[in-house]
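Participant: Sequence:
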Amino acid sequence: MKKRERQNPLLKEKREKRRLKYAAYMGGKRKPGEKPKDLKKTVRRYFSLLLPHKHQMIVVLIAGIAGAVLSVAGPLILGGVVDAIKDEVNRKLTGADISLRAIVIKMLALVGIYGSSSVFTFVQLFVMAGITQKIVRSLRERVNDKITKMPLKYFDSTSKGDIMSRMVNDIDNISNTYQNSVIQIVTSTVSIIGVFACMMYVSWRLTLIMLAMVPPSLLLILAVTRRSKKHFKNQWDRTGELNGHIEEMYTGHKVVKVFGREDDACEEFADINEQLALVSRKAQFVSGLVGPMMEFLGYVAFIAICVFGSINVVSGNMTLGGITSFFTYAVLFMSPIVSLGNITNRLQSSLACAERVFTLLDEEEETPDSFENYIDEPIGKVDVQNISFRYTEDKPLIENLNIDVKPGQLVAIVGPTGGGKTTLVNLLMRFYDVQAGKIMVDGVDIRTIPRENLRNIFGMVLQDTWLFEGSIRDNIAYGKEDASQEEILAAAAAARVTHFISTLPEGFDTLLEEDGANISQGQRQLLTIARAILADPAILILDEATSSVDTRTEILIQQAMKTLMKDRTSFVIAHRLSTIRDADIILVVNQGQIVEQGKHRELLERGGFYAELYNSQFGFYTGNGAIS
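So for the sequence shown, our numbering puts the first residue at 36; every next one is plus one.
Don't read these hints as lab results, they were simulated from the structure. It cannot be assumed that every hint is accurate.
[Said to hold, decoys possible] Calculated lysine-lysine pairs in the DSS-like style (CA-CA distance at most 27 Å, straight line): (1) Lys430 with Lys195; (2) Lys430 with Lys634; (3) Lys141 with Lys89; (4) Lys441 with Lys75; (5) Lys89 with Lys75; (6) Lys430 with Lys473; (7) Lys441 with Lys195; (8) Lys317 with Lys416.
For clarity, every value in this text was computed on a predicted model and none was experimentally measured.
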């Protein structure tokens, strides 16, 4: 490990960050500026999820109370059965006739009581299962809706694996707690009250012995609860971190293999997994203290009951049936207390998960849509007026940028990596909002129209293709929801993919694997162009799509892109400067500023920054404004 860390300083840095983060957690320290979590608010929101199902919850409560009451009544009849058997035995010893009628009646009543209790328990579980699944479905829908409204910066700064962990693992834990713990809270509470009343009825002296163990039990549960919450919170945080690492490594597994970094990936996984195991073990250990300690207190109480109960039976203060009933109640009294202790721990784990889900639901959304304007028939005019933008307050990126694009023009955006080309695209699409200035489309400020309307005006073909698991037809039709078969075929023909599709066994019905893994990169790119052609947008945004394909495929893609760009405003992020010689406007972007603007030949003749970029690719610019 140390050898690999010397070879890879980044791995050492990542391990050190996790070590410090874990050490701070183990020391009970908060990160600088972190505020304590509002437990009361989380609890209120957690149980408020049950409010829309209040009528079903009433059924659950009634069934739970009825089942618990019947279970509590059982030991009294059981004591009566024992006393009846004892009486018949005494009658047998005195030579009197034996009558089993009273015993049979009591036993049948006992069977009826426990049978009815089981029916009520079934009803309670059945109804609660329906409530739980409705809550889970609603919660996942809320999270999914929330994700669709989140700004792009959230996804830039949050691990996809952590988001998935909150949406799947955390909600599953909430579901399990609702299904089991809510029912147990009802039945345990009713059982404790009912059992206590029956114990007082049977023997108030022995009841005082049982009550002596309640204060230490409550103190134990309270102490464990206070300590377990932070451990469970950290456990689920580490689970999200582990899921994020897994998602990252499996998504980029080819890159990992190409650079021979399998060992580093495994070591990092083992490191995160070890931390997860440590925090999970501590959480489970602390929460697991309740059971053994409660059992110990219970055994002490049972010993005392045995001694004093036997004395009462011998002295004639209690019957054999009475002591039998009391022993049964003592077990019933201990069981719900232990259950409540365990429920408290499960609830802490569930609340930690709920807090993570609620934190996601409380994240800042995109600014609300304005419906002040609506563009029905866009013509493709774009006017960028003195805009400024920065991702972080202390790092300016774009300052005082101005662009005037007329309908149908081809605008090429060139410049070094990190110069602001992609940022400009994000601003045009309103993935981010400018801090100053404004962007106008057809004379309308884009902040005054709904995002859906704005994004329907634009079409995008990116360097990184995205295809979903489904047929080729469905992937092309993703660009237009109600597309006809003729429109899909026309778009495919315009994108130069008809021949390729015809060679497949199922043609347009051929099923693509995840992200189109069963076709080539160039074929995937052509399908995304067909999708954009079908959408028929007024303005196109094209990221250089030919950097990872062969020359023949590049020619096909360029032909398809020319068809796509015909008679519509187009913004092309160009990496190969040879592809944008015919652009109406070339914007040379560097450090967020448009340092040059003009046509290809004009910019070469100036001998400025664009000429340097072009010369670095082709090496024939003379530096004095002439082309050799």
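Participant: A separate judgement is required for each hint: does it hold in the structure or not?
Facilitator: Okay, the hints, checked on the actual structure:
For the suggested pair Lys430 and Lys195, the alpha carbons sit about 25 Å apart, so the restraint of at most 27 Å is met. Proximity of Lys430 to Lys634 is assessed by CA-CA distance (about 31 Å); at most 27 Å being required, the pair is judged violated. Distance hint between Lys141 and Lys89 is unfulfilled; the C-alpha atoms sit about 38 Å from each other, more than 27 Å. Of the supplied pair hints, the one linking Lys441 and Lys75 is violated, its CA atoms being roughly 57 Å apart against a limit of 27 Å.
Restraint check: the Cα-Cα separation between Lys89 and Lys75 comes to about 21 Å, which is no more than 27 Å; the hinted pair holds. For the proposed pair Lys430 and Lys473, the alpha carbon gap of about 20 Å is at most 27 Å, so the pair holds. For a cut-off of 27 Å, the pair hint linking Lys441 to Lys195 is broken: about 39 Å separates their Cα positions. Between the alpha carbons of Lys317 and Lys416 the distance comes to roughly 62 Å, so the proposed pair goes past 27 Å and is violated.
The earlier numbered hints that this structure contradicts are 2, 3, 4, 7, 8.
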